[in-house]
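Asker: These are the residues of each chain, in order.
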Amino acid sequence: MSHPIQAAEFLQDQAKSKWHDETLWFVRDKRDKISKSVPEWENLRDLASLIKDNVLANLGSYLEEFEKNAKANNIHVHWAKDAEEHNRIVLGILQEKRCKAIVKSKSILTEECHLNPYLEKNGIEVVDTDLGERIVQFLNQAPSHIVLPAIHLKKRDISEIFHEKLHTEKGNEDPDYLTHAARINLREKFLSSKVAITGVNFGVAETGEFVVCTNEGNADMGVHLADVHIACMGIEKIIPKRAHLGVFLRLLARSATGQSVTNYTSHFRSPSPGKEIHIVLVDNGRTAQLARPKFKNSLKCIRCGACMNTCPIYRRSGGFSYESTVPGPIGSILSPGIDLQKHSSLPFASTLCGSCTDICPVKINIHEQLYEWRQEITKAQPDRAKSLAMKIANGVFAVPFAYNLSGNLMRGALKILPDSITYSGLNTWGKQRDLPELPKESFKDWYKKNRK
Amino acid sequence: MPENKKHIGLFIPCYVDQFYPNVAIATLELLEKLGCKVTYPMGQTCCGQPMANAGYERDTIATTKHFIRIFKDFDYVVAPSGSCILHVKEHAPAISGMEKEQSELHDKTFELTEFLTDILKIGNIKGSFPHRVGFHASCHGQRGLRLSSSSELHQTPFNKAKQLMSNLEGLEWVELERKDECCGFGGTFAVSEEALSIQMGKDRLADHQAQHVEILTGGDMSCIMHLQGIAKRNGNPIQFKHIAEILNEAFS
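Here the protein sequences line up with chains D and Y, keeping their order. Residue numbers for the first sequence follow the numbering used here, beginning at 1 and rising by one. Residue numbers for the second sequence follow the numbering used here, beginning at 1001 and rising by one.
In case anyone wonders, no lab produced these hints; they're calculated from the structure. All clues given are correct.
Keeping only pairs whose Cα atoms sit at most 35 Å apart, straight-line, the calculated DSBU-like set for lysine-lysine is: (1) Lys97/D <-> Lys241/D; (2) Lys154/D <-> Lys30/D; (3) Lys363/D <-> Lys1162/Y; (4) Lys448/D <-> Lys1121/Y; (5) Lys1072/Y <-> Lys449/D; (6) Lys444/D <-> Lys1065/Y; (7) Lys16/D <-> Lys1202/Y; (8) Lys363/D <-> Lys1121/Y; (9) Lys1072/Y <-> Lys444/D; (10) Lys1005/Y <-> Lys1100/Y.
All chains, full assembly: derive it from the sequences and hints.
Answerer: Here it is in structure tokens:
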């Protein structure tokens, strides 16, 4: 299904879509306030953008530097060209360790690679330990937001899920009570898992260390109790120096949730005695995106989710309407690079308002890339023109489009057509909107009479 | 030569010409009252924005060439639309063989309020407009042309339209709950994502209504056409005017 159909469905439940809009706006508002408490905010954005430009221009050498230093720290480094290879590598490690159950903290990359279903198919129990991810996992859903995975659900929904899965009291919607129940359940899983998987927020080339940010401490809880830590990292997550964390960590949490810093910012450099750290470096279409000059800087993304919270479309259509792992504005410029046909409606799911670009902590020109993807998609899908032309011909746009030929004719036609035709189902503009009242003459006609 | 003695080419967006001649007349009269020499070149057509935003920028080469030819000899080109000006400056395809004319044209093309504040250096318009006014910042004007500060950025707040209206006697400027959220027009978005477009428009109108706005104004009639269409359909009594109409009416 395309985005417009999904969005229209989401909007059917008016109360819930309003709540979704207001909840995410609240997060954006928090972000606005805290970002304005940092006098050098715009300088930080400039710096972060420039550092990422440098990374993208020298990605190969930074990755090699990272690999060399990570190996010197006794980290096992694996390279995966795509999702399939990534999943095989992870499974291989688990099989070697005879591991049948793992805990995993939040990782959008493993969502992108569909690691959970792959491991489950191979007999491994996967437990997502981020509370929001645990909730959507119970429902067999994907996260609807990269930072707030269960933002599409309300307290009542969660109470019902927990009643079914964790046997909490029916109807008890108290967040503290529900969180406590989840903790008890997760505690068992943490204690019994020999392998923990995490994502990576930043890989530092100069030191071979990596950083994982969470609010719940679930990454640390998993890693410290397990013998083996597997970290899955997209190759664009490299930063050159540890000092650069001072730029990115200040931007990340403020942009994401309006916090000054994530509750846990954990640095992993080398395994404790007797334990192992593996890092899987994943391409999965990233080098292809890097080779597209107009779109490569989408790879600067640090996955803060601010563009989702600010997007007037995302807030009113929900994450699932995008049908891609990363939804929202950033997803709409990343996904067409992965599958142009499947995601062709996404770059059009925007008014090009530019709020995403202004909010982005690494200054990705998101709305300009949406515009550029539109130019690519219309080349790849000639049929698109026809359906669009139909819509336009039936709406108010008829006038500008037919301008040279039939501007006057069109105004005449609109004037004499009965409302029943003008506002019929064929006319998308007029379904829920009136057409402008037609003036007796155009400006052009007025000008001829009144000037010169 | 003083700025207001230079020759201005009046660029009127096609849908304004057809649907909102009063906005074009107000723009022309306002510039004339300020002592400008203004001509409306009759041969102008649509700038090509709807096509380009729909993904057919490559099909607007002829339109763009035509636009350059029509306007290249004026000292300035001014339009009562942030959106069309942004298109002409940033999205119109580069025309080979006309690089010099195109680049010069971009430098002398302005949206009405920025022309008044930045070129004519008018601080504000003196006059009277005793109404409660809500301002809708069009996204292309605001985040594209930077006609006002953007709520996402850490910058000193400014708004060229507000500045121009700041000295109008009796005008009550209304602060909105979400001061620069998109109205959901978005060109072809209005029909290709109809459900979202309508919802966004309704939400914007509700913000203005909650602040008891009497007249909703802005710099782009496209946003206003969309909001007005929804308001009318739902029996919402709010009135709509382009900022050129307010400034021209209030001018004393």
